[in-house]
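Participant: Hey, can you work out the whole structure from these sequences and the hints?
For the sequence shown, the positions run 164 to 660 when my numbering is used.
Treat the hints with care, as some may be off.
As the list claims (entries may be wrong) - List of simulated lysine-lysine pairs, PhoX-like, C-alpha gap at most 25 Å:
id : residue 1 : residue 2
1  : K312      : K176
2  : K318      : K339
3  : K275      : K204
4  : K250      : K237
5  : K494      : K318
6  : K544      : K203
7  : K558      : K544
8  : K313      : K275
9  : K318      : K619
10 : K176      : K203
It should be emphasised that the hints constitute simulated quantities derived from the structure, not laboratory data.
None of the values given here were measured: they were computed from a predicted structure.
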Amino acid sequence: MDASAVAGCFRDKSILITGSTGFLGKLLVEKILRVQPDVKKLYLLVRAPDAASAEQRVLSKVIGMDLFNVLREKYGLPGFQSFIQEKVIALAGDIDYENFGLDDCQADVLSKEIDIIINGAATTSFYERYDVALASNALGPRNACEFAKKCPNMKLLLHVSTAFVAGTQEGLLLEKAFKNGETLRAGYSVDIEAELELVERVKSELRAAKGGSIEQLEKSTMKELGLKRACHFGWPNVYTFTKAIGEILLGQQRGNLPVVIIRPTMVTSTYQDPFAGWIEGAKTIDALIVAYDDQAFPCFIGDRNNIIDVIPADIVINAAMVAMAVHWNEKEQVIYHVSSSLQNPLSLYDLEDACEDYFSMNPRILENGKALPNRRPYVFKNLTFFRLFLLLVYKLPLEMLHIMSLLLCGLFSRRYNNLNRRFKFLMLLASLYAPYAFFDGRFDDTNYMSLRTKAKMENGDDSIFNFDPKKVDWHSYLTEVHVPAVIKYTRREKAGR
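Facilitator: As structure tokens, then:
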């Protein structure tokens, strides 16, 4: 199965994609349109009040991105617009609801049309509201599965998960499905219906106790509840916990439906396709890059010898498309860890080296015309010591400011409140990201590596669908592609603010 055969699977097929406004979703839409212009239709499900709003959202949040410049150059602007009008249909709906929130007639017509469903919709915040995370990350896959089973021409459901559904386990983490109710805490099982009832009960109690508008209190309570329940069952945050529940529900509901689950690790900017360095948002490891740019933080948490499992976004997309082609219409479920730590490991020290080299070659110039010197941050190998450092260096001066403000009739109260909020947020971030700073697991990639053999691409030219992590030269990629992409994005965001 060469590249043309992979692309051929999508010829004259109608594909429903959820999460198309997300980072990976946009890349997937662009890739399908570029390698298979004879795809029949791409239905992009987006949250919107009506069809016109959905279309506008797709045009502005997906098609309008510079990611599609390769296609614009290929067709010319008028031709590109005509091509998009012919191939892309925006659907106003919501993954959180049965039939995606579509009316019965619309759902019935759509079900007869769809050949493939790609579920990429998710909320990725580590500190999301529990009700929101359950609806999107857990119920969403179940709703997609139920709809897929109603489609008579359904060839496959692809679900985008995360490798970190494994939580903070150590050792070799296998590409295997969760059992019904399985959790990461021995002796505990999770019941999704009980969790949904808990959410509604807590909300009802809040409304009964407070009455009136309690939006902010409900938001904070739901965030705390999500983190508490995740930790109760053995996960470090609500994102990975609810993504794991989503996989469980998908396994429960799928029956004989062909299902492929893609579990990427930490996703970074594109390696080469459609061009190098496309990114949206600063990801987990990018905090270090941003801190180097600002020279704002003197310390981090982690171990310089630890392996950071990252994977460029276009490699994830290529692996997903090849996996769909290989498992076309097979009545099974298969899981792939799209990862790099076993085949091509990258350490925190390697990342620091790349940052130092990049900023040495591209020094930041201060207003006085002098270059901002590079200083490697001190890396704490212990979260307790890191917190103690923050308390001494930041919290203690804050409390002195608070005392001065009280003595001066609240003169500095606004500044103190703002800085104190930022300090508490920094402490929360440290707690949320610490499990990954000290993560000592390795993701088994047996299925992932065998995908090349199954697709018979190991000896051929697979540049169109390259998903081999061994081909990435990390230092070159970081210094020439990823670091400059992160810096460009974050500086643009700062300028916008």
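Participant: Tell me, in ascending order, the numbers of any earlier hints that this structure violates.
Facilitator: 6
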